[in-house]
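Residues per chain are reported as follows:
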Amino acid sequence: MNWLLEPFHHEFMRRALLGCALIGFTNGYLSAFIVLRRMALMADALSHSLLPGLAVGILLFGFSPVSIFVGGLVAAMLVALGSEVISRSSRIKEETALAVLYTLAFSAGIVLLSFAHVQVELEHYLFGNILGLSNSDLWVTYAISLTILPALVALQRPLLVMLFEPSVARSQGVNVVVLNYLLVTFLVLAMISSLQAVGVILALGLLVAPAATVYLFSDSCPALFWGGGIVGGIGACVGLLLSYWLNIPAGACIVLLLGLTFFAAYICSPRYGVFRHLFMRRHLHEESLLRWREANGPVPGAGPGPTEGK
Amino acid sequence: MENPCSLEIKDATVAYNRVPAIHHLNLKIEGGHCVALMGPNGAGKTTLLKTIAGLLTVETGEIVFHGLQQKRTGSEIAYLPQREQVDWDFPITVRGLVEMGCYIGLGWWRRFGPEHRQTVEQALATMHLESLAARQISALSGGQQQRAFLARSLAQKARIFLLDEPFAGLDRPSQESLARTMRELAAAGYMVIASHHDLKNAADFFDQMIFLNGELIAFGDSATVFTDENLARTFNTEVFSGTHA
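The listed protein sequences correspond, in order, to chains A and B.
Under our numbering, the final residue of the first sequence carries the number 345; numbering is consecutive throughout.
Under our numbering, the final residue of the second sequence carries the number 314; numbering is consecutive throughout.
These are computed hints drawn from the structure, not numbers from a lab.
Since the model is a prediction, treat every value here as computed from it, not as a measurement.
Treat the hints with care, as some may be off.
Computed far set for chain A versus chain B, every beta-carbon distance over 10 Å [to be verified]:
| hint | residue |
| --- | --- |
| 1 | His45 |
| 2 | Leu52 |
| 3 | Phe98 |
| 4 | Glu119 |
| 5 | Thr138 |
| 6 | Ile145 |
| 7 | Leu166 |
| 8 | Ser169 |
| 9 | Ser171 |
| 10 | Trp174 |
| 11 | Val273 |
| 12 | Leu276 |
| 13 | Leu277 |
| 14 | His320 |
Which stretches of chain A does chain B cover? Using the computed rule of at least three CB atoms under 8 Å from a CB of chain B, they are [what the hints assert, rightly or not]:
| hint | region |
| --- | --- |
| 15 | 185–199 |
| 16 | 205–217 |
| 17 | 252–261 |
All C-beta atoms in this analysis are idealised placements derived from N, C-alpha and C, irrespective of residue type, glycine included.
Using the sequences and the hints given, assemble the complete structure.
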């Protein structure tokens, strides 16, 4: 039993667990909006566009959490807004503009980094260092969680109306454009807050996989929001503990676990899984007969109920 | 209904990228009617609906609701987009969809209370959807999906219903049942405007008609305006593009 409790004896593991729970829950909650708004590819593109921001931040202000935060924020917002402006003002579609801009930004980042005298290791950028969380990392995470979560909860109704059908929302006077920009801003904030701690790949995994998993189980939006948060939080913590016990890289282990959970749901979900017919109830015939009678009224001479006459 | 609703379109021109789709349109529609918006493809049917819904702005002219100069309230108009435009896989049940109708009136914070629950149940009952309330919206037939949207609009307390091609893709019985529902709404004092292109059943389904072809060809009771001449002027000519030949 000792090995089970061993991770909790280490200060760095307790910090990492706290970070995982916070980032996992926040990103998981946000993931519902990303899945429903179909922004997953945009999230991917934005994660790549963080790099030039980090490079410029480091070049101008040196290597510090603040320079990285501000640089990443500015770069990602420029790419997001730029693609929006291009798609609105020309015949180019948004995803095309996004792809052009983020590859441009990523390459610019590589070139800029060659001028910077700090070595930013690609693996650190991809998977972060969850085991080396500093106090300032945790505070940034706290602050961003405390910004995003209450805002998403407060704006749930207009957001939901917009996510379902933007044109209907606009006809009801919902400011769809502002809400859209707000979602993109939250996406960038969540990504940056997790970049330091868990890297781009894990941030992205946590921003899509949890809600994608719950989406296969539920037809309720609140379940998708909270379920995404819970799956993200628990998945991140369990993944971290597994990585400790199995002695494998933490970030990769968490993403792997979330990905496998998604696949398990894809295959086994009783509602929308691939093998759902194995779980389905068997009185389909009775149901359709009932429906038929509802539409056509009772048939003279036929039995009164669908279950009779067996 | 205590406040009769009316809609007046004065000299409205709507353009996409400076190219007008509707030219100097004048119309006055009263509540209590089921109005067909007839015209060929490109005649501006969807444009007109979107303009009334506030999704497009007029280049010239104005739209006046209930004879008042004031802006309409957000919940007053229900816009039902074409069916293929909606993501039917959205994780929501019929009841959830109808509850959404209350959201704008509720604002951000106010609690979804018993009176709202009652509104939702009433809307479901009016549209005969009680037994389907727990279904996910993709598990409905086309006609039921339209009724679910209408129920949402009722819960929203809308008075003007704008439907874009509601009969598209429906079979005969579903079309007739939807038309019946729309007439019931009109009989209750609501204003129902639907774009439509099927000439065979138009006069049965609607009691008023707008013939549109870039400009207004005719508007009035179906019995008087559904004439060969108006049909020819609407459907057998080039769409009016701003220059008379």
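Q: Measuring Cβ to Cβ, find out whether Trp174 of chain A lies farther than 10 Å from everything in chain B.
A: holds (28 Å)
**Q.** Within 8 Å of chain B's CB atoms, at least three CB atoms from the region 252–261 of chain A: coverage verdict
**A.** holds (count 6)
**Q.** Verdict on Thr138 of chain A as a residue remote from chain B, using beta-carbon distances over 10 Å
**A.** Holds, because the least Cβ-Cβ distance between Thr138 of chain A and chain B comes to about 29 Å, which exceeds 10 Å.
Q.
Can you tell me if the region 185–199 of chain A counts as covered by chain B, using C-beta to C-beta distances under 8 Å and a minimum of three residues?
A. holds (count 8)
Q.
The output says His320 of chain A does not contact chain B. Does that hold with a beta carbon cutoff of 10 Å?
A. holds (17 Å)
Q.
Beyond 10 Å on every Cβ pair: is that true for Leu276 of chain A relative to chain B?
A. holds (30 Å)
Q. Has the region 205–217 of chain A got at least three residues whose CB is nearer than 8 Å to a CB belonging to chain B?
A. holds (count 5)
**Q.** Distal placement of His45 of chain A relative to chain B, Cβ over 10 Å
**A.** holds (40 Å)
**Q.** Given as non-interface: Glu119 of chain A, partner chain B, CB spacing beyond 10 Å
**A.** The assertion about Glu119 of chain A holds, with a minimum of 18 Å to chain B.
Q: Quick one: work out the minimum CB distance from Ser171 of chain A to chain B and report holds if it exceeds 10 Å, violated otherwise.
A: Non-interface label on Ser171 of chain A holds, nearest chain B Cβ at 33 Å vs cutoff 10 Å.
Q. Is it correct that the beta-carbon of Leu52 of chain A has no partner in chain B closer than or equal to 10 Å?
A. At roughly 30 Å from the nearest Cβ of chain B, Leu52 of chain A sits farther out than 10 Å, so the non-interface label holds.
Q) Does the no-contact call for Leu277 of chain A survive, Cβ to all of chain B over 10 Å? A) holds (29 Å)
Of the numbered hints given earlier, the model fails none.
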